[in-house]
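Engineer: Mind docking these for me? Both chains are given alone in their own frames, and the hints should help you get the complex.
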Amino acid sequence: MNRSLFRSPFVLVPVVAIAAWLGLLFLWPDLAAGSSRGLRLGTGIAALVSMLLALAYVLRKYMHKYGYSPEFKLKVAIDRMERAETRVHELRREILRGQHGTKRAVEAQVARILREEGVHRVLVAQVLEAPVKPGEPGKGTPGPRFTIKVTKAFLLGRAAKWLHLHLYLSLAFAAAVLAHGGDGWDSPLGLVLLGSSLIVVATGVVGIVLWALGPAWLTARERDLSIEEAFVLRESFQRKLAELTQKLDGDLKAAFTGPDDGGARARALLAALPKTDAARRVLLQDALVLQGQWARVDSEFRVLWRTRLSFMGWRAVHLPAALVLAVAVAAHLLSIAIY
Amino acid sequence: MAEEGMSELEAKESELIFKLELFASLPPRLRKLLLKFRRYTSGRADQVFVHQGEYTEDFHYVLSGSISAYRTELDGKTELFEFLGGHSWFGEASAISNQPSLATYKADVPCTLLSLDGGTFKILYKDPTNQEFRKRIDERYRRQSLAAHMRTMPIFKGLPKDQLAALKSEARFETHPKGKLLAREGEAQDAIYMVRSGAISCTRKLPSGVEQVLEYHMNNSSFGERSLAEEDARWPGSYTTLAPTDLLVISRAAIRSTLGEGTGKLAALERAALALVQETSGTGAGPEARSEDELEVLVKGGRVKGGEALVIDLQRCVRCNMCVETCVAVHEDRVPRLSKKGQRTPAVIELVPTEISLATSCYNCDIPECMMACNYGAIRRDSEGLIRFVYDNCVGCSACVSACPYGVIRYTPPPGSAPIVPKESFLESIPWLGNLFKKPAGEQPADAAAPAAEAPKPSPVLSARGEKVQGKSIKCDLCAGLPFEGCVYNCPTSAISRKDPTSLQFGKDEIRTRVVEGSISDAVHGRRAGGTHG
Ligand code: SF4
Ligand code: SF4
Ligand code: SF4
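First to last, the protein sequences are chains S and D.
Just so you know, numbering that gives the first Met the number 0 puts 323 at position 324 of the first sequence, and the rest follows in order with no gaps.
Just so you know, numbering that gives the first Met the number 0 puts 352 at position 353 of the second sequence, and the rest follows in order with no gaps.
Treat the hints as calculated values from the structure; they're not laboratory data.
Mixed in with the good hints, there may be bad ones.
What the hints assert, rightly or not - Calculated cross-link-like contacts (lysine-lysine; reagent style DSBU-like; alpha-carbon spacing at most 30 Å): (1) D:K134 to D:K11; (2) S:K160 to D:K11; (3) S:K151 to S:K102; (4) D:K76 to D:K179; (5) S:K246 to S:K148; (6) D:K11 to D:K35; (7) D:K134 to D:K18; (8) D:K76 to D:K105; (9) S:K72 to D:K498; (10) D:K167 to D:K179; (11) S:K148 to D:K156; (12) D:K498 to S:K151; (13) D:K18 to D:K76; (14) D:K498 to D:K177; (15) D:K18 to D:K179; (16) D:K498 to S:K148; (17) D:K76 to S:K102; (18) D:K160 to S:K148; (19) D:K105 to S:K102; (20) S:K151 to S:K72; (21) D:K76 to D:K156; (22) D:K498 to S:K64; (23) S:K102 to D:K179; (24) D:K179 to S:K74; (25) D:K167 to D:K134.
To be verified - Chain D is nowhere near these chain S residues, computed Cβ spacing over 12 Å in every case: (26) W161; (27) G194; (28) A219; (29) R279; (30) I335.
Unchecked claim - To list a few chain S residues with every Cβ distance to chain D over 12 Å, as calculated: (31) L4; (32) V12; (33) Q98; (34) A158; (35) W184; (36) L188; (37) I198; (38) I226; (39) Q245; (40) F255.
Here a beta-carbon is modelled for each residue, glycine too, at the ideal position from N, C-alpha and C.
Same shape as in the complex, but just chain D (with noise of 0.2 Å):
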C-alpha cells in the first residue's frame, strides 16, 4: 500500500506488514491507523516481554523468533502453556477483555515482535467491516491457546490432553451485552460456562421480595459444573451479566457425547466436578448452605467493579470544601474531579461504624466498564492497575461518561479552549476580602460542577488518530506525579480517605444477620457505592 507521501522505505515496510496473512484482509483505513501505530520491540533470548498477572494491554505479532509461554499455578507449579513460532501472535486476549495476563512470554531466542496498543488492536479486531480480522484471531486462540485456557477452569485441570483437546472443539464463544439474563433460578443447569471477561452476578429473590447477591464471576471463573455432578441440578440463582461479557460455554450433552456416556473418562470427570462442587459449597446442598462463603463473596462484591473508594466521614466532615478546593488546585484545567456529594451509606446500616458518603473519584474499577466502552484507546489501565486516560487520544466522544457506573467521569470543553473555572487572581484569593474582587456573573462553586454537564462544542482540535476532538472526558487521576493525594492530605479533620469496600464492615456476626435478612446487598454491592444522581 504506497501511499502518497511515504518514502521508499516506508512503501517497503508497508508491503511486508500487509503480505502477513492476519493483516492481509484489512481495508485502506486501518491500514492507515496499523501503520501509524504500529511499534517494533526486538529482545535477546531470555527476554520476558509480559508476566503472568501484569497489566497489560499491548497485542504482539512475532516476527521473528519463538517464545514460550509459562503459567504458575497457585499450588506455585509452573508449566507450558503455550508455544509461539514465527507469524503467531499473543496478548489478544488480554487486549480484549482488559484483563491480567495469564501467563508469562519468554524469548527463546532472539524476536522481533510488532506490537499495537489495546485502543488500536480492538479497533481492528471489532470493526464490522473487516471480520477476518477476528476470525482469524478467535480461529488461532481455539486452536493454540484455548485447551491452555481450559486448563485454567478448576473442572479441567485434571484431564488428560487427549480429552481437552476433544472437548475444545465444542466450546462455543458467546459475546453478551450489559444486562443480559443468560440463566434464571431454578432451570435446569444444562452447561458449564467460563467468563473470559466481563463479569457476571448471581442473584436470587428472597421471600421479601429483595434480590439478594449470591456471588460474581470474572477473571476466568466457571460456574455450571453442578451440571455433570448432578442429574437434575438446578440453577441456584439467576445469572445476569454485569458489563459486556465474553463467554466460553461446553454445554453438559457435548461433554458426554465427547467423553462417551457410560465411559470412565466421563465417570472421572463427573466425580471432578461432584468434588468440586462440595469443596466450594461446604457439603454440596447448594447456597443456602454457604453461610461463610456467601460472607465472604458479599464482603467481596464492593469490589466486583470497585477498586478503592473515596470515602467522606461524615461525622468528620465540616464541609470547608478544602478537599475540592485542592482538587482544583493540582489541575490546570481549573476543573474539579471530585464531587462531595456521593452515595450515602447511613450507620444504621451497621455495616460502618459511622455515617459515610461515598464521594465521586475513581474506583479504577477491577472491570472498567468507561475503559471498555471506549473506541479510540484513550483509556488504559497502568502497571499498578490504575485506570488512567490518555488525552491524546481522547476524542471526547463521551461513551466513557455514559459507561462510568458510578457517574465519576466529567465531561469538559477540549483542550486549549477556555477553562470552565479561570484562575483566581492573588486579590481574589485573600479570605473574606477577596469576595470583594470577584466576578459576580456566572460563577460556580468548584463543588457544584456536575459530572457530564457540558454540552460538547465544535473544534478544530484533533486527537493523535487523527478525529476531530469535540471535548474531553476527566476524572480522578490520584493527583498523578505529585507527593500526595490532594484531598486526602488538606482535610483539616481526616474526613476525607481512600478505602477498600471490604474495610467499611463492622462484625461478621452482625453481616450475617444482615445477610440473611437480605438488607445489606445495596451497601455491599459495587454499583452504588459511589453514584451521583443529583
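Bound-form chain S, shown alone (with noise of 0.2 Å):
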C-alpha cells in the first residue's frame, strides 16, 4: 500500500476547515440553515478558492506532458552546465586546499558560479559542513571541510505534491461548499453544484484509496509479464500474424481473419493439407504457433488490463463530473455577478 499519498502537511487544511465549521455550528447552531449573508460570502469563497488551487494540479500536469510549463523555457546550453560544473570541481578542490573558511563563503561563491554561468535557475546547490573524523583520509586538509551538492532546481515542486494539494484542497473545498449551501439546494443549479461536487469528491476519495492499494495488486497479478510487456509483446504478435497471414491464400487466411475460434479452423486445414504442399504447411504452421502465443499474451494482458482498469476506471466519473462542477460554478458565479 502506498501510504505516501496520505503523508501530507496539506492534510491540515481540511481538517482546519471541518473543525472550524463543526466549531461554528456547535456556538451557532442555526447556521446550518445558511441564513447568514457574511458566512455564505466567506464560505463561498474558501470553496472557489480551494476549488482553484485543485485544479492548479490538473493545470500543472498538463502543462508538463504537453511541454507547455515555462519551465521548458529555462533550459540551458549543456556547454553551460558543463563549465559551471568544472568550476564548482575547482571550488571544491580549493576547499580541500583550505582556500574557504566558512560555510558562508562557500555558498556565496558556488551561487557566483552558477549566476555567472546563467544556470542558477536550473540548478540549486547545498553546502554542507562535513567534520572530518580522527583517521578518515583527509585528515591532514588544512581547512575546515565543506560538500557541495548540486542539484536539479525543481523549481515548481514534485507532481506528487501538487496531488496532495489536490486531494486535501478538494476535502476542503467539500466542507466549504456544504456550509456555503446550507439547507438551500432546492434549485437545479444548486443540486447540480451539491450532486457534482459530491460526486467528485467522493470518485477521488476512492481513486486514492484505489490508487493507494492498486499497485501492490496488479504487482501481485504480474507474474509472468508485466503489463509493459504483455502490452508490447501482444502488439508484436499481432503485427507478425498479420503480415504472415498476407502470404496465405483462400481458405488458409480465412482461417484467420474470421472469427476467432482458437485456430480450430486452422488445425483442421492443416491436417487436410497433403504434405507434398510442404511450403504451404510451414506458412501454415508458423501463423498458428504465432496465433497461440498471441492468445496466450492476449489472455494475461487482458487480466492485466481490468485489474489496471478497475483502480484507475474511477477517473470515467470523476473527470466528466469535476467538468460539469467547472461550468456548475461558472454559471453559479455569472448568475450571482447579474442578479
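Structural biologist: Below you can see the structure in the form of C-alpha cells.
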C-alpha cells in the first residue's frame, strides 16, 4: 500500500476547515440553515479558492505533459552546465586546499558561479559542513571541510506534492460547499452544484484509496509478464501474424481473418493439407504458433488490463463530473454577477 | 601534406605537424582527420591542464614548454609523477581507458599544446594500418610513465626506484576482449595483474552450482599478490573480463629473477605482499574468511558498471505513464528515453523493502561499454562523470546499442528525417475527447517503443567527421539543461526515483545470510540491474 499518498502537511487544511465549521455550528446551531449573508460569502470564497488550488494540479500536469510549462523555457545549453560543473569542481579543490574558511563564503562562491554561468535557475547548490573524524582520509586538510551538492532546481515542486494539494484542498472544498449551501439546495443549479461536488469528491476519495492499493494488486498479478511487456508482446505478435497471413491464400487466410475460433479451423485445414504442399504447411504451422502465442499473451494482457482499469476506472466518473462542476460553478458565479 | 583547398598557412601548419616524429607515420586519411580536429591550447606558467581524478579524454602533445605531473596519494602525500618536456605527450591513458586522470598536469613555464579529443585519438591509436603510432605511444608509456603507474599498486609502493625501473622492463601489456577467462579457480597463481582499463570479475562456484561474485577489479586495482606471499598460492576464483580490458602483467618468475632469488630485495617484496594479503583478507586465509569485505564488495558489485539506477517502486506505480510522456515532452524528436519495462527485483529477496523495477534509463556506468564500443568519438564523459552523446559525431553505426549491457540505447532515424512519434495537436491533447481527433493507424504508445527497434535508413546527412549518418543513438540525458528530471519530477505518486544500487539493500545481516546462500548475486550484480529483454 502506498501510504505516502496520505502523508502531507496539506491534510491540515481540510481538518482545520471542518473543525472550524463544526465549532461554528456548536456555537450557533442555526448557521446550518445558511441564512447569514456574510457566512455565505465567506464559505463561497473559501470554496472557490480551494477549487482553483485543487485545479492547479491538473493545470501543472497537462502543462508538463505537453511541454507548455514555463520551466521548459529555462533550458540552458549543455556546455554552460558543464562549465558551471567544472568551476564547482575547482571550488571543491580549493576547499580541500583550505582556501575557504566559512560555509557562507562557499555558499556565496557557488551561487556566483551558477549565476555567472547562467544556470542558477536550473541548478541549486547545497553546502554541507562535513566534519573530518580522526583517522579518516583527508585528516591533513588544512581548512574546514565542506561538501557541495549540486542538484536540479525542481522549481515548481514535484507532482506528488501537488497531488497532495489537489487531494486535501478538494476535501476542504467539499466542507466549504456544504457550509455555503446550508439547506438551500432546492434550485436546479444548486442541485447540480451539490451533486457534482459530492460526486467529484467521493470519486476522488475512492480513487486515491484505489491508487494506494491498486499497484500492489496489479504487481502481484504480473507474475509472468508486466503489463507493459504484455502490451508490447501482444502488439508485436499481432503485427507478425498479420504479415504472415498476408502470405496465405484463400481458405487458409480466412481461417485467421474470420471469427476467432481458437485456431480450430486452421488446424483442420492443416490436417487436410497434403504433405507434398510443404511450403503452405510451414506457413500455416508458423501462423498457428504465432496465433497461439498471441492468444496466451492477449489473455494475460486482458487480466492485467482489467486490474489496471479497476483502479483507474474511477476517473471515468471523476473527470466528467469535474467538468460539470466547473461549468456549474461558472454559471453560479455568472448568476451572482447578473442578479 | 599540402592539400587542394588549403591556404598557405594551413599547408605550413600541416607540414610542421607531420614533421613531428609521433605523427609522421600517419597515412593521408588519418592526417586529414587530425588536421580537422586538432586544437591548440596555450597556458601560462603554473596553469593546471588536467586535475587528478578529472574525467577527461583529451590527448595533449606538448609543442613547447614543459609540464610536471603530480599525484596525491590517499594518505595526502603529493609526489612528482612524471616530467614532460617539449615533444612529449599526456592524456593517452585516459583517452584509451576512459578512466579519470591519474595525476595533475601543471605547466612549469608557458606552454603550447596540440590537443585531440578522445574520439579522434582512439581512431589514430586503434587504426590497424597505422601500427607505428600505437607503438610510439606504448613505448613512451613504458619508458616514461610505467614506473610511476606501477607505484600506484600497493605492492610496489615502497619499492626503491632502481628496483622498480628494473621490474618495469619485465611488465607486459595485454589486451583482452570481453568475456575472456584469465585465470581459473584453484589453479596456481603465477603473476600479478593490474587493470589499466576495463574490468574483471572474480567468481567462484558454490556447491549448489550458483556462481558467486567475490570481487571486481578496475581503475588500476591489482590482484595476484598472493603469488609472491605464498609458495603454493591458488586463485580463489575464476577471473573473467567484463569489458574489453587492458592489463599490465608481471610474472612471479620475472620478479624473482629480476630481484634475485634468495636476496634481501626479494624477501622485502615478499614480506610486503604477505602484509598486503593479510591486510585485505583479515586473516590471510583467503576469500572464505572475508565475510565483511565480501559484503562490501558484493554490494558494490552493482556499481561496477552502474552509477545510478532509475528505480520504480511497483507498490506505488499506478501505471499512469506520466513519466514516459514527460520524457517525450522534453525531447524534440518525441522519442522517450525511458521504458518502464525493466528488470524486476522482487521483495522476496529481502534485499529491498519493496518490489521494484529498474527502468531502462542510462546508469552512467563506471565502465561505459557504449563509449568503449564507439569508434567515432560520439560518446564521452562530462566533468560530472555523466555519459553524453556528441550527436554531431554519431553516424548511427549502432555499435553502442549492442554494447550497452542494459539495453538502454535506442536507435532512431537520422536527425532531420521524419520524427517517429509526431507531436500531438492541441485537439488531440485534450484528455478523453482528444482520442476522437487522433489518427487511428500505426500509432504506438510512447511506452511501447522498444530499444533498438528501427532499421537504419539510408540518408544523405553527414556527421562532423564527414561519415554518412545512418541513424542516431539516443539515451537518457537526465533532461539535459532543464531544471528537472522529467520522469522523477512528474510522477504523481513518487514511485520513480534515482537511486544508488547499493542503497537498495536491507540490513547487513540479511545480506550476509543471502551471501552465504549465494542467492543474491543477481540482485546486486550490475549486469542484471536494468536490462529489458521483452
Ligand atoms: S509516472 Fe509514476 S506512477 Fe505513473 S507510470 Fe511513471 S512511475 Fe508509475
Ligand atoms: S548507455 Fe548503457 S553502457 Fe552506456 S553508460 Fe548508459 S547504461 Fe552504461
Ligand atoms: S531523466 Fe529525463 S531523459 Fe532521462 S528518462 Fe527521465 S525524463 Fe527521460
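Engineer: Each hint needs a verdict: does it hold in this structure or not?
Structural biologist: Hint by hint, here is what the structure shows:
no.: 1; hint: D:K134 to D:K11; in the structure: holds, 27 Å
no.: 2; hint: S:K160 to D:K11; in the structure: violated, 64 Å
no.: 3; hint: S:K151 to S:K102; in the structure: holds, 21 Å
no.: 4; hint: D:K76 to D:K179; in the structure: violated, 37 Å
no.: 5; hint: S:K246 to S:K148; in the structure: violated, 61 Å
no.: 6; hint: D:K11 to D:K35; in the structure: holds, 15 Å
no.: 7; hint: D:K134 to D:K18; in the structure: holds, 17 Å
no.: 8; hint: D:K76 to D:K105; in the structure: holds, 17 Å
no.: 9; hint: S:K72 to D:K498; in the structure: holds, 28 Å
no.: 10; hint: D:K167 to D:K179; in the structure: holds, 25 Å
no.: 11; hint: S:K148 to D:K156; in the structure: violated, 34 Å
no.: 12; hint: D:K498 to S:K151; in the structure: holds, 15 Å
no.: 13; hint: D:K18 to D:K76; in the structure: violated, 40 Å
no.: 14; hint: D:K498 to D:K177; in the structure: holds, 27 Å
no.: 15; hint: D:K18 to D:K179; in the structure: violated, 40 Å
no.: 16; hint: D:K498 to S:K148; in the structure: holds, 16 Å
no.: 17; hint: D:K76 to S:K102; in the structure: holds, 26 Å
no.: 18; hint: D:K160 to S:K148; in the structure: violated, 41 Å
no.: 19; hint: D:K105 to S:K102; in the structure: holds, 29 Å
no.: 20; hint: S:K151 to S:K72; in the structure: holds, 15 Å
no.: 21; hint: D:K76 to D:K156; in the structure: holds, 13 Å
no.: 22; hint: D:K498 to S:K64; in the structure: holds, 24 Å
no.: 23; hint: S:K102 to D:K179; in the structure: violated, 50 Å
no.: 24; hint: D:K179 to S:K74; in the structure: violated, 44 Å
no.: 25; hint: D:K167 to D:K134; in the structure: holds, 17 Å
no.: 26; hint: W161; in the structure: violated, 8 Å
no.: 27; hint: G194; in the structure: holds, 21 Å
no.: 28; hint: A219; in the structure: violated, 9 Å
no.: 29; hint: R279; in the structure: holds, 28 Å
no.: 30; hint: I335; in the structure: holds, 29 Å
no.: 31; hint: L4; in the structure: violated, 6 Å
no.: 32; hint: V12; in the structure: holds, 19 Å
no.: 33; hint: Q98; in the structure: holds, 14 Å
no.: 34; hint: A158; in the structure: violated, 5 Å
no.: 35; hint: W184; in the structure: holds, 29 Å
no.: 36; hint: L188; in the structure: holds, 24 Å
no.: 37; hint: I198; in the structure: holds, 16 Å
no.: 38; hint: I226; in the structure: violated, 6 Å
no.: 39; hint: Q245; in the structure: holds, 16 Å
no.: 40; hint: F255; in the structure: holds, 20 Å
Against the hints set out earlier in the document, violations occur for numbers 2, 4, 5, 11, 13, 15, 18, 23, 24, 26, 28, 31, 34 and 38.
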